[in-house]
Each structure stands twice: as C-alpha cells, then as structure tokens.
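Let the sequences and hints guide you as you build the complete structure.
The residues making up each chain are set out below.
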Amino acid sequence: MSRGGFWSVALAVGWRNAHNFFTNPAMAIPALMFPLFFFTAFAGGLSRVDSVPGFDFDGGYTTFVYGFVLLQASAFGGIFTGFSIARDFESGFSRRLMLAASRRGGIVAGYWLAALVRAVFTVSVITVVALIAGLTIDGSAVDLVGLYTLAILVNAVAMLFGSGVAMRLRTMQAGPAMQTPAFLFLFLAPVWVPYDLLTGWVQAAASVNPVTLVLEAGRGLLSGDPTEVLPAFAVVLLLAAVTVLWAYGGLRSAERVA
Amino acid sequence: MLARRSVVRTLRQPLMVVPSLVFPLLLLSINSSGLESTTMLPGFPTDSYFEFALAIAFVQGALFSANSAGTNVANDIESGFLNRLSLTPLRRVALMMGQLSGILALGLIQAVTFVLVGVAFGAGIEAGLLGAVVIVAMSLTISLAFGCIGAFVALRSGSGEAVQGVFPLFFAALFLSSMALPRDLIEIDWFQTVATYNPVSYMLEGIRSLVITGWDGEALALGFACAGGVALIALAAASSALRTRMVRT
Amino acid sequence: MSDAAIEATGLVREFKKGPRAVDGIDLRVEPGEVYGFLGPNGAGKSTTVHMLTTLLPPTAGSARVAGLDVVADGAGVRQAIGAALQEAALDPYLTGREHMRLQTALHGMRGEEARERSDQLLARVGLTQAADRRVGGYSGGMKRRLDLALALVHRPRILFLDEPTTGLDPQSRSALWDEVARLAGDRGVTVFLTTQYLEEADVLADRVGIIHKGRLVAEGTPESLKDEIGRPSVEAIPCTRDDLPRMREVLSRFGEFVTGSPKGASVRLSGGEAQLADVVRALDAEDIHVEHLQLHRPTLDDVFLSKTGRSLEGAAEEPQQPEEPVPA
Chain A
1 MSRGGFWSVA LAVGWRNAHN FFTNPAMAIP ALMFPLFFFT AFAGGLSRVD
51 SVPGFDFDGG YTTFVYGFVL LQASAFGGIF TGFSIARDFE SGFSRRLMLA
101 ASRRGGIVAG YWLAALVRAV FTVSVITVVA LIAGLTIDGS AVDLVGLYTL
151 AILVNAVAML FGSGVAMRLR TMQAGPAMQT PAFLFLFLAP VWVPYDLLTG
201 WVQAAASVNP VTLVLEAGRG LLSGDPTEVL PAFAVVLLLA AVTVLWAYGG
251 LRSAERVA
Chain B
259 MLARRSVVRT LRQPLMVVPS LVFPLLLLSI NSSGLESTTM LPGFPTDSYF
309 EFALAIAFVQ GALFSANSAG TNVANDIESG FLNRLSLTPL RRVALMMGQL
359 SGILALGLIQ AVTFVLVGVA FGAGIEAGLL GAVVIVAMSL TISLAFGCIG
409 AFVALRSGSG EAVQGVFPLF FAALFLSSMA LPRDLIEIDW FQTVATYNPV
459 SYMLEGIRSL VITGWDGEAL ALGFACAGGV ALIALAAASS ALRTRMVRT
Chain C
508 MSDAAIEATG LVREFKKGPR AVDGIDLRVE PGEVYGFLGP NGAGKSTTVH
558 MLTTLLPPTA GSARVAGLDV VADGAGVRQA IGAALQEAAL DPYLTGREHM
608 RLQTALHGMR GEEARERSDQ LLARVGLTQA ADRRVGGYSG GMKRRLDLAL
658 ALVHRPRILF LDEPTTGLDP QSRSALWDEV ARLAGDRGVT VFLTTQYLEE
708 ADVLADRVGI IHKGRLVAEG TPESLKDEIG RPSVEAIPCT RDDLPRMREV
758 LSRFGEFVTG SPKGASVRLS GGEAQLADVV RALDAEDIHV EHLQLHRPTL
808 DDVFLSKTGR SLEGAAEEPQ QPEEPVPA
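Going line by line, the protein sequences match chains A, B and C.
Under the numbering used here, residues 1 to 258 are what the first sequence spells out, in order.
Under the numbering used here, residues 259 to 507 are what the second sequence spells out, in order.
Under the numbering used here, residues 508 to 835 are what the third sequence spells out, in order.
Hints in this document: simulated from the structure, not taken from any laboratory.
It is possible that part of the hints are untrue.
Only some residues are given here: those of chain C computed to face chain A with a beta carbon under 7 Å [claimed, not checked]:
#	residue
1	Ala590
2	Arg604
3	Ala612
4	His614
5	Gly618
6	Ala621
7	Ile744
8	Cys746
Just so we're clear, the structure is a prediction, and the values are computed from it rather than from any experiment.
Glycine included, each C-beta is placed from N, C-alpha and C at the ideal position.
Take a look at the structure:
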C-alpha cells in the first residue's frame, strides 16, 4: 500500500523537475541566458541614462538594471515552471503523478519547490555576473533578506499563476497565455528609468501596476534606502493568496478530465 | 508557382503574421513612453524617442521573418516537399527566390504598416514621401537578409527546432547594437565597440536617418551596404546548402 | 460493505454535448481474479478504467475499488491500486532507475527500502541492464515493462492494465502475459485488464466483459461465452477455383455463411460439430475436391459478433468516438 503523504509527493515532484532542469541544457540555458542577456543589453547599452536630468537613483545604472532583472528572472522562472507543467499534461506524464499521488495538492507544491530551486540558481548566477559588472549593494543584510524574500514570493506568484493556466489548458499552446500577462506586467513598469521619468500611457499603466511597487521597493532595498517595502510585501502576499486559489482551481479542473 | 505558394503559405499563418506586426509595434509603444526622457541627454539627435525607436520595429519585424522563413523551409524538408522539387527541372536560384517570396510579401506588409503607424502617431519622416519609399526598400533588404539566414539554418540542419534555437541569437544581434541609444552616447566601451562592428547598427541607423535627419548619404550607403551584404552572403550560403540538400545527377 | 475488489453500479461518463462514452456499466470483480475488459477502439474501455482509477469522475453511477468509493475516497483508492495505462507516460529525460526513484518517493518509500524495491522490480521485468539509460532511448516493449514495474512499486492488491500489449512484438507480449499470470497466480493480485486482442483475453482472463459503445454486452468466463454461441464453423477451399460456386451451394445447406478465406467458403454449422461428416459426404457426392477443410470453434469475436452484429476486428477499423470528453 502507498503511504505517500503531501510532502512525499511534493519532494518527489520537486526532485524530478529540478533534476530535469539541471541535466538538460535546453531547459537551463534559456532560463539563464534571457535575464543575463537583458542585463548586459540594458546595463551596457543604456548606462548613459543615469545622466538624464531627474534620474535620482544613487546606486548607479548597473544596480538600477539589476533590480529589474532580478524581478524578471524570478517571474519568468516561475512562468517557465508553468511551461513544464503544461508539457507534462500534454505528454501524459501528469497522469502518472495524478494516479500515484494520494494528496494531489502535493504535486503543485512540488512544482513550486522546483521553481524555487531553479530561481535560486538563476538569481545566484545573475548576481555573480552583476557583481563582476559593477553592481553596488548598499543595502544592509536585513535589506538583502527582504529583497530576496520579495524575489522568492514573486517567483511563487508567477509559478502559481502559470500552473493555474497550465492545468486548465493542459497543452503547450498555453505558453503565450502565461508569458503575455507576465511580459506586460513586467514591462509596463519603471524598467529603464525611475517612475517619475516615465511618460505617456506607460506611466499611467505603471501607476496602477503592482510590479511598480515591488520594483521600487526592491531597488530601495538594494541601495540601502528602503521605500514602500511593507506595501510591496502586502501586495505580493495578496497576489500569492489569489494565485494559490487560482492554482487550486486549476488542479480541480485537471481532475475533471484525465 | 513556388513564389505564389510561398506567399500564400506565409500569409495564411496568423500565428506567424500577427505577432510579427503586433509585437514590434507594442514594444515600440512601450519603449517610446519608457525611454522618452533619454531625449534630454545632450547630443540626442531628436526630441522624440518614438521617432528614434521607429527603426527598431522594421528590424524586429525582419527577425520574425527570419524565423518564419526558416520554419517554412524546415517544414518543406521534413515533409519531403523539397525532395519532390529536386525531381523537377527547376533551377536552384529560382527555387530559393520562390521560397523567399513569402518573406518579401510579409516584409512589404510589415514595412508599409510600420511607416503608416509611425506617421499616424506623429513621427515626421524628414526625407518625405520618397524617404518613406526608401525606408520600405531598406526594410525589404533587411527582411531578405534575415530571411536568407533563417533559410540557411533550415537547409543546413533540416530541422525547425534548430531554426527556433537560433532565434535568440538574432535578438542578441539586435540588442548589441545602437538600438536603444545612438552609438556615440553608449558609455560602456566594449558595448560601443560591439555596436560599431555590428551590421545591425547600420541597418537601424540607415532607416533612422531617413526619419530624423533627411537625406544622409553616408548612413544610407552603410545601411544598404550592410543589409545588402548580409543578404548576398546569406543567399549564397543558403544556395550552397540547398545544392547539398538537393543533390541530383 | 461489499468485499468485491472492484464494483461498479450504473457507471456513466458523458461527453459535453455528445454521446456517452460509458453508458451504464455494472460489473463486479472478485479479489484475486483476472478480469478481461474486451472491446474495439472507442468502446469505452479506457474511460471506464480512468473512472475506476480516480482519474475521471463518473457523470452518474458509482464505483468502489478496494471497498472505497472512487469519488468520495479517491486518495484511499489510489493508495490501494496500481495502474499501467494506455500511454506509458514516461519522462524521456529520466532513466529507468530514476523513474523508480520518483515512483517510490511518491509512495512514501525512502532510502534502502526504496532502493531494494527498485532493484527487485527492475530485475523482475528484465530491465536491470537498461536501468541507467534514459527512457527516451527505450523500445516500446521496454517502456511497457518499466510501466508495469512502476505500477507495482507499492505492492498494490489491485492492478489496472489498459491495453498493456498494444503495439508490442509477439515476444514482448508473451513476456508481459507471463508476468501478469504470475502476479495473479502467485501473489493473488486482482487484475483488471483492458484489451482489444481476443487471444489476450482468452489466455489471461478468468472472466471477460465485452464492451461495445459504452455498454457491457456480455460477461462470463471465455469458455461459457463461447459455449453460448455454441456452433462451430467449417471452412473449405476447393482444389479448383471453378468448383467454388458449387461448393458454396453445397455448404449453404448446412448453415449461414461467415467471413473466411476469399479462396473458399465458410459456414456456421447449424447442427454443430456433428455435421462435419455430413459436409464431407455432401462435397464428395458432388465430386468437389477439397484442398483445405477446417473446423473452427467459436471465438470471442464470434461472441462479439452475435451480441453486436459486427466483428470485433472489423469494429476496430470503423470510425470511433473519442474515449474521453473534450477538456473544459
């Protein structure tokens, strides 16, 4: 008889997903290359932007860009885990998991564990590269704990959102449905310049985009000038609660059709 | 007939056509609002980032074309259609141009769309109506250049997956250029060096000059030379790969 | 509470705006029994298995597996059963051993216990040597064997096998049959096996349920089902093709024609095996020289034919309803 409980299932699913990520270059390389590439292109190509009148971030443009790339890597790391879930449904492997897992919630928890491991790896590599490229961190140890906790929560929100989509659509065609909202939320924000230097409709969108709050809080923690940290955490935790329900609904949807 | 097939097949794939039109325009809109403040940098050539960034849409559209061309050719290889063509008297060059006709058709639609959208949203084309025509011509040359690269990758590898795998490299080429800022405003030395040697910079600058400056002979010459040069080299490479793939007595 | 291993009452599964994939199935499988669920593609076999293994909720009716309701106590049912479904659903990036590791972990096994169980099962299905190769490189037969091993990891008392030998070569099929027979015989495992192969049901199953268009049209031991049909058929091929029309006229006196060799004629003997001698005498009286004469006893296909009006093998080639509803 099986005696697999919630955490047995979660650890097993997490192990398998993380194992595949680290043993398959086709999975690991894009997850690393895109944020590294954006970091290089923005920090390298747009560094003069910190000379724009009104650019009031003290940490330098490399640090400014790092704040965004950290968020982007965390978010897309979660979305890519959503892709893995969609692929498992399309290939039928999810059926094996649904059949073997007495506690099916553990499956989603397992994917989240894998997303977390993947994000820690990706963010570590990006941080090392950024430090070599001149990233300056003026935040305290507490600030940094806050910053990376925020990143982990963003990763979880993105993963839960992606998993809810993947479990409802159960096909790789779900990719754009996951990527497009993530892209829009990330880029309708102060990506290249602080909020006050945005213009036009992007500024209007950024003013209501929760990512703006998270991004500015993150940059503040990096530069040792924490700002809006509690509201940022509140927003992310609220999004986390919403996306947990979204993912749970997705699991129920997947259970209705084998 | 092959050209007709290529055109019809390309334009009948909404998942190829729509993103190649919508995505560059969306990015143009986001980037323009996001980076408008950079026009305040001393030496920035225009006070409208939208006018500066318009050229990027043409090149991004061409990158989608490369992906589309490569994927279509790869599908023809994987389905055996190319083998069937080998059995006809069709000459290789004609076959190649037939396959690329779809890209040119898509490139024309993209170029005209981007020009019209640009003008509709307030970009003045300093070089006037004739300049707009030259923009379309340069855009088509760029589409052809990247399309031939996509076709080359497909013919060498025979695989749609390989074409998809190369796609990020195209974006790398676009990003490591004078895409976001003029070359003389790029602060990081190595980045400026890479952008200076990157032919994509000159393609962007050629189109950009027609929008912002008017008639800049040097920029136009370099733009056409780079686009045309890449197109010729890629076409030659693709033809060679096609010869290998269509070996016949 | 019923002590049946598997029990279904009025089990129904409907498509959205479409016909019923499963249309009121009643069945009961006793502990230790091998139950063969036989039917063509699209008959509803896999849908039934998915409901019994908690992968799909019934639209109506109920089912109990290992004494537990499949809807109310799905978790409990999953702990008691193992299943090897129609698609082996393996991860091409994992090795056979890594699959075993995943499966043992899913079932709460750890450390030495998990390793020993993995080694034991891999040896049992003959995959020890291939265990450290990625499954993407396995043959179809190897994948099926691995799938069976994975289904047995937690020593389930009830095993569901959904078309386990479809697409396998005869040697692999035979090996799998041996393993299923050993499981049921030595270890008393209840096996619910779906198949479209008559021979498989005939050889393996203690009892057979024949399903057609979502309904159980016959149920019983293979022998009792065949005995119901009762009548054997005789197939004759003339030495000379020109004699075929006369041969057909002679044979028509003994029963109705059935499908057989295109070179000859086959009739179902209305009077049973005893008529064989009469057939020979009648052919001889007409001076028809026979190259081949064979008596065929009823098969499960004949049973299917009698219940549904069509042959099981023929039914497999007709356009079928999809087994599962379109996802919401």
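Report task. Please name the hints from earlier in the document that this structure breaks, with their numbers sorted from lowest to highest. Result -> Checked against the structure, the hints that fail are numbers 2, 5, 6, 7 and 8, while the rest are satisfied.
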